[in-house]
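Asker: Sequence:
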Amino acid sequence: MERNQLTDSSCPHLASGIRNNQTLRTLDLSHNNLEGPHFRDLMEALITSQIEELHLMNNDLTDRSCPHLASGIRNNQTLRTLNLSENNLEGPHFSDLMEALTTSRIEELHLDINHLTDSSCPHLASGIRNNQTLKTLDLVGNNLEGPHFRDLMEALTTSQIEKLLLDNNHLTDSSCPHLASGIRNNQTLRRLDLSDNNLEGPHSRDLMEALITSRIEELQLYRIPLTDSSCPHLASGIRNNQTLRTLNLSGNNLGGPHFSDLMEALTTSRIEELQLDNNHLTDSSCPHLASGIRNNQTLRTLSLSGNNLGGPHFRDLMETLTTSQIEQLDLSHNHLTDSSYPHLASGIRNNQTLRTLNLSKNNLKGPHFRDLMEALPTSRIEELQ
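For any residue, its number in this note's numbering is found by taking its place in the sequence shown, counting from 1, and adding 1.
If you're looking for bench data, these hints aren't it; they were derived computationally from the structure. Keep in mind that a hint or two might mislead.
Per label pair, the in silico range of CB-to-CB distance [claimed, not checked]:
id, residue 1, residue 2, range
1, S285, I213, 28 to 34 Å
2, S120, Q161, 42 to 48 Å
3, G37, H336, 17 to 23 Å
4, H281, E320, 50 to 56 Å
5, P123, I382, 32 to 38 Å
6, T302, T24, 53 to 59 Å
7, S361, H116, 36 to 42 Å
8, S285, L377, 37 to 43 Å
9, E219, T338, 30 to 36 Å
10, H336, T214, 39 to 45 Å
Beta carbons: idealized from backbone N, C-alpha and C, even for Gly.
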């Protein structure tokens, strides 16, 4: 029932429909305008319903709706997913919603783009601290930077959260010690997204050191924006970590002399997917990339799109490809030219694992195109872009 121009006056009718219905499991009311005094009726009816998934995204809900939302979820034992994205729940009554969370059975809560600020962090902390069912918490697109962010991270250590999304929250380097504290002793967190924040600085080391003892399997650090000086800290974080499988470092600026530290650490990591798109990597980065993948037996996906790898050292990367276990390689938009074809051919000719190769948006036209095509029959490539 999304995008139906439903308003607050529709809530009593919606309440009547779901109150004693024992079959309805998913209700999507996104992109309507349910804010108002009758929203209470809908939330009261939720208590006796069997709904497991409720979407209230973009409904112009404000802080005034929080007591009604709290009433609806407090004693409901069936609701597992609650989507409150793109509303405006920041305010004094937000605490009511978070208090109710402690006794609910909700497993997935979406609060992205809700104008939440640092002052909401103590309430968020209270909500997740003693909740044993919440597995996914989406806080994308808020503004949680500040002194109270520490409260949220301290509560994370005792929560059961497995997936925490904090991208685009105006977090800075000063948040890194609190993030480190939150993940260091947490044994349930598997996915952490910190993309589109501004974590570059001396305290990013704290976050990377905490990664060593965490159980995180997927770490998103897209556009945060890290520089070459962060590579030793990144290296320290992944070198002895045995759980991390996916690392997204795209949209940073890692090209430089310390990039070699990161690639050396890759050899002992268990990473299966590494994204380095748009990182200002150049031809001089290729020997370090080659060193990183040469003895790594776990890496399956390597994305290098949007860099500038064309040059004489591109050969080093392609020679290493023959002994790697990479299945998917993205070299799109890398200023590769016709002179790269012999090296590409050498890389794929005897490689038995590569299945997908993306060479889009380069400048490969020329006489050496034949070399690549001649190597293709002996490769195992299934998809060539």
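Asker: With reference to the structure, classify each hint as holding or not holding.
Answerer: Now the hints, each set against the structure:
1. S285 with I213: 28 to 34 Å: Holds - the Cβ-Cβ distance for S285 and I213, about 29 Å, lies within 28 to 34 Å.
2. S120 with Q161: 42 to 48 Å: violated, 25 Å
3. G37 with H336: 17 to 23 Å: violated, 56 Å
4. H281 with E320: 50 to 56 Å: This hint is violated: roughly 23 Å between Cβ atoms.
5. P123 with I382: 32 to 38 Å: violated, 54 Å
6. T302 with T24: 53 to 59 Å: violated, 42 Å
7. S361 with H116: 36 to 42 Å: Taking Cβ atoms as reference, S361 and H116 lie about 39 Å apart, which means the hint holds.
8. S285 with L377: 37 to 43 Å: 29 Å Cβ-Cβ, so the 37 to 43 Å window is violated.
9. E219 with T338: 30 to 36 Å: Taking Cβ atoms as reference, E219 and T338 lie about 35 Å apart, which means the hint holds.
10. H336 with T214: 39 to 45 Å: Because 40 Å falls inside the window, the suggested range holds.
Hint check: violations occur at hints 2, 3, 4, 5, 6, 8; the rest are consistent with the structure.
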